[in-house]
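Hey, can you piece these two chains together into the complex? The hints should help.
Residue numbers (my numbering), protein chains in the order written: chain A, 1 to 278; chain B, 1 to 348.
All the pointers check out, no bait thrown in.
Label-pair ranges, simulated between beta-carbon atoms:
1. Val81(B) with Lys104(A): 22 to 30 Å
2. Gln184(B) with Leu113(A): 48 to 56 Å
3. Val247(B) with Lys104(A): 40 to 48 Å
4. Lys115(B) with Leu193(A): 13 to 21 Å
5. Leu193(A) with Gly195(B): 35 to 43 Å
6. Asn102(B) with Lys21(A): 41 to 49 Å
7. Gln224(A) with Lys115(B): 51 to 59 Å
8. Ser68(B) with Ile124(A): 57 to 65 Å
9. Pro194(A) with Ser68(B): 35 to 43 Å
10. Ala133(B) with Pro194(A): 26 to 34 Å
11. Asp19(B) with Phe103(A): 26 to 34 Å
12. Thr112(A) with Gln220(B): 33 to 41 Å
13. Val81(B) with Phe257(A): 48 to 56 Å
Calculated from the structure, these hints are not laboratory results.
All C-beta atoms, glycine included, are put in the ideal place defined by N, C-alpha and C.
In case you want the letters, here they are:
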Amino acid sequence: MRSKAATSTDRSKGEAGWGLKAAAWFGVLFLNLPILFIVLYGFTTDDASYTFPPPGLTTEWFAVTWNRADFWAAFWLSVQVAFVSMLIAIVLGTCAAAAMYRFKFFGKESVTLLILLPIALPGIVTGISLRSAFALGEIPFSYLTIVLGHATFCIVVVYNNAIARLRRSSPALLEASMDLGANTFQTFRHVVLPNLATAILAGGMLAFALSFDEIIVTTFTAGQQETLPIWMFGELARPRQRPVTNVAAIFVMIITFVPILLAYYLTRDTDDVAGSGK
Amino acid sequence: MSKGDAAATPQSTAVSFRDVSRHYGSVKAVDRVSFDILDGEFFAMLGPSGSGKTTSLRLIAGFEQPTSGSVIIHGKDMNGVPPYDRDVNTVFQDYALFPHMNVVDNVAYGLMIRKVPAAERRRQAEEMLEMVALGGFGQRKPSQLSGGQRQRVALARALINHPSVLLLDEPLGALDLKLREQMQVELKAIQRRVGITFIYVTHDQGEALSMSDRVAVFNQGHIEQMARPHELYENPATAFVAGFVGVSNLLQGAAARAISGQDGACSIRPEKIYLATPGSAVPANAMSVAGRVTTILYLGANTRYDVALESGGEVTVAVQNRESHFEPAEGEQVLLWWEARHLMRLAG
Numbered sequence: 001m002r003s004k005a006a007t008s009t010d011r012s013k014g015e016a017g018w019g020l021k022a023a024a025w026f027g028v029l030f031l032n033l034p035i036l037f038i039v040l041y042g043f044t045t046d047d048a049s050y051t052f053p054p055p056g057l058t059t060e061w062f063a064v065t066w067n068r069a070d071f072w073a074a075f076w077l078s079v080q081v082a083f084v085s086m087l088i089a090i091v092l093g094t095c096a097a098a099a100m101y102r103f104k105f106f107g108k109e110s111v112t113l114l115i116l117l118p119i120a121l122p123g124i125v126t127g128i129s130l131r132s133a134f135a136l137g138e139i140p141f142s143y144l145t146i147v148l149g150h151a152t153f154c155i156v157v158v159y160n161n162a163i164a165r166l167r168r169s170s171p172a173l174l175e176a177s178m179d180l181g182a183n184t185f186q187t188f189r190h191v192v193l194p195n196l197a198t199a200i201l202a203g204g205m206l207a208f209a210l211s212f213d214e215i216i217v218t219t220f221t222a223g224q225q226e227t228l229p230i231w232m233f234g235e236l237a238r239p240r241q242r243p244v245t246n247v248a249a250i251f252v253m254i255i256t257f258v259p260i261l262l263a264y265y266l267t268r269d270t271d272d273v274a275g276s277g278k
Numbered sequence: 001m002s003k004g005d006a007a008a009t010p011q012s013t014a015v016s017f018r019d020v021s022r023h024y025g026s027v028k029a030v031d032r033v034s035f036d037i038l039d040g041e042f043f044a045m046l047g048p049s050g051s052g053k054t055t056s057l058r059l060i061a062g063f064e065q066p067t068s069g070s071v072i073i074h075g076k077d078m079n080g081v082p083p084y085d086r087d088v089n090t091v092f093q094d095y096a097l098f099p100h101m102n103v104v105d106n107v108a109y110g111l112m113i114r115k116v117p118a119a120e121r122r123r124q125a126e127e128m129l130e131m132v133a134l135g136g137f138g139q140r141k142p143s144q145l146s147g148g149q150r151q152r153v154a155l156a157r158a159l160i161n162h163p164s165v166l167l168l169d170e171p172l173g174a175l176d177l178k179l180r181e182q183m184q185v186e187l188k189a190i191q192r193r194v195g196i197t198f199i200y201v202t203h204d205q206g207e208a209l210s211m212s213d214r215v216a217v218f219n220q221g222h223i224e225q226m227a228r229p230h231e232l233y234e235n236p237a238t239a240f241v242a243g244f245v246g247v248s249n250l251l252q253g254a255a256a257r258a259i260s261g262q263d264g265a266c267s268i269r270p271e272k273i274y275l276a277t278p279g280s281a282v283p284a285n286a287m288s289v290a291g292r293v294t295t296i297l298y299l300g301a302n303t304r305y306d307v308a309l310e311s312g313g314e315v316t317v318a319v320q321n322r323e324s325h326f327e328p329a330e331g332e333q334v335l336l337w338w339e340a341r342h343l344m345r346l347a348g
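Here chain B stands alone, though its shape is the one from the complex (with noise of 0.2 Å):
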């Protein structure tokens, strides 16, 4: 099929969304988005539940159709093309492993239906397993392995079909902290090796900055911010994005006006603003604005500060535990600066 060309032209399109609309009724799952994912890429889908991400992943696996638009994968409209013609293979959230079969088994599903003999799937099994850690495992059943060995089978058995894109729908919602970390490293380090284009699900944005070449923000069905992690974090587009993308600052309204001078929200990252005695000389290319500290949290890395602003409103300020540096008490008067690149102006 078209694989073989996609792999030459590293730089193609995987997968695009034309306009596509998926509606249940009145509700609008997805509405009127377009995108392009390209060949090799790792593309996350963040948002909060209801935002329309899955729907859009089970979009392009087959298991919905576009109440209109089209879901293109390698120049083809896959419109009507159930999902078992299609050169995708999804991880599903709750793995979705068949119960009344082993591990190899499993894995080598796919190979089975395309009937490759019994011997050649059973080795490609194997090694595939090996590739996920699990070699040895084969025997077991799947009620028999923890929850991160079933998510590994899941990869395997996914990319045994080698997929020219791979669906991953929140693959480690179910795994704890440590394990999850653990397997965000591994997802990536695969990812490359394979060197096939991941489309990954999550509402963690954790999980979506550490791993993804490109972010897709996703809110009530439609993308609010399609772009690199770094500039996603540094350069939200919406309030939306600068909200659900780590913390920050929002400013609306007098308080925004007091800072920036302009009308219209913006926002700052806690960890850009510095805090200093009332009446300290600051930057040139720097903003300033007084306040008083409300808050103390010290959280072990950081200690956070709550300040409420003169001019109205109040942020917060996270400031490193190095050796020396101001330490205010409640209640006392401080200046806040930040170099002037770091506040964010905001549309929506």
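Chain A on its own, in the form it takes in the complex (with noise of 0.2 Å):
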């Protein structure tokens, strides 16, 4: 059906052929039908195991979600590190960027690498180097640890973004703004803060959501505190209530979708903020 309709509005652009719709079909179930699932068993009436299919329907989970105090610990502990993570990435990843695309210095291209790599290494490589690290410094366990490790990926989005905009807006319009009266404080507010807020506020928006569903890095930096991933991870083994834990997946996939979908706009029409300078 679905297909059927593609094929009539899309004939203009020449026709694939059936065999490659049926793998591209299959692709896309393939990645999407267990997140429906997700949602699905988030309204099953069997608290203890996942039957196929779901012996009845009820939204009294999102009561007992509601209900449950140990939930909205975990959330806001999330929103918090997530929130800070990305104040800190936009502030350090901005700097990161401006200098990296001002300066010239001996190293630059090791220290380019430096600040990418965070997001590159696997994730447990990351976790361990900085559990070993708290344990040097003697560091204990708390929020503050989480939020450095979340900031170390984070502040490579950030930076990526600000330099990718900064290297498609000219040169001269700094020294246009020079050249007009402003000091180098006076081009920073009004030409390259304007440039670069959007790509900043997008670059911000994919850190919240990073930071927020990360799981592995926050279990090697972590004490006691649980981030909604961390007891999302510990519900899934208790064999009561198991739909919570779909009541809260469906929590995490809309506090995370929305900024990206922010995100997404915000960059969308930047041929008009950065480009006719070149």
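Right under this line is the structure:
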């Protein structure tokens, strides 16, 4: 049905063979069906196991989840960690991008690599290295150590967004501003920042979403604290009230999806913002 | 500042270079250059790319600092003075309009930085836009304007601070030919109206000749010649100037000796040479030489003849296509003559 509609509208662009279409639909379903199942089992009446089809549908798990204090504690911790990591990433990522764009210095390429490394490294390596570093420095595990762990890879996201925007804008803009009487600070305030703002914000949103559902690095850098993903992982092991995990998962999906959508819209029409100088 | 005094004495010096050099490692972009630009003058810096003209402009704007020597603006040494403390403004080659601001805010940027109240700077910006024939375009974004319109916005933005010197870095380079010619006329008119010094960088000799009071011809980091356009064209000081400004026949060695009777290169413009049948009488003050036509190119307004000289060498002759003139065929023997004062002797 759907594929037939797609066929008739896309005729002008040429036909794909039915084999290719089938493979494409299989790919889409393979990636997205499990997500639908998570939503489905948030409504099941069976609280101990996931049987298909669900024996019945109910909304009682939303109420149960709503009344669980441990859910809310984990939820708010995750929001706080994500928010603070995002702020750190915005400040440090923007500064790093500005420095990398503006100055040439010995070892610049290596520093660039070091900034990008946390996102390329497996989370488990980042996690172990941070854990041993905290142990060496005798820093007790806390909310702050989680934030530090998350900030390492959040900075990269903001940095990448900001430096891409900087590279696309004309250096003559800075000269034009200085030429018209603006000092370095005024140039930053009136020219650099407005041109970068959407890129930085989009980077921040992505950083928030990345931090909110992070589990590997968190496992190594958290002490007694449970962020939402860790809490969910623990919930799965319990025999009772399984659908509560699914309800929490629906929450996580919504919370991470909104910033990603916002980031997409913020960076969509940037030709107008940064392109015309060149 | 010194702006008021400068306007009162129109022939005082606006910008001076005193033995200025700007080196990048071993590259001498500008090498020991000295000159004075007068107040109210339309001054062109002409030269091929890499000749040092743009670097000289950036030295005046303050984007570059001299390696040695000093740049003086209205009697003050500008060494170490940043661009935002200089009484000059620039029209950039790629316009460099702020993409996140509309046209009015772009033009009013200089006023905003100087904390002029919003209503007043809007009024002045609209006034400037009227002057560059862009009234009513204020609310548009730069990306919604054509190249010619952006160029005008850049001009209005640079003029709103009432600088004593306006720097223009190949401002017409990106425009098509018709628009370029129209903007030349307008730029000259605006310069007369505002009465400030325009320093104009270009590689287009036509632009330099048509608009400027004086032209400095740059080559490899130094100035070959600095003169009024007429003098530059009629009396080029060096072979480089003769070749770069307009078309000319450069004669060297034996060919030069045969014509001028002296050693040393000389040059003559194609339009100064007359064609005649062999053996014709020529005026008393004329020089003549015999040759044979090798190529004829009909160009509409004039016809170009390439003539091989008997004394060696080849010259190009441009003849205006009037009703009746002597029209030799290819391979025909001709006599070339010109007034002796049009033969230019060159140094270097």
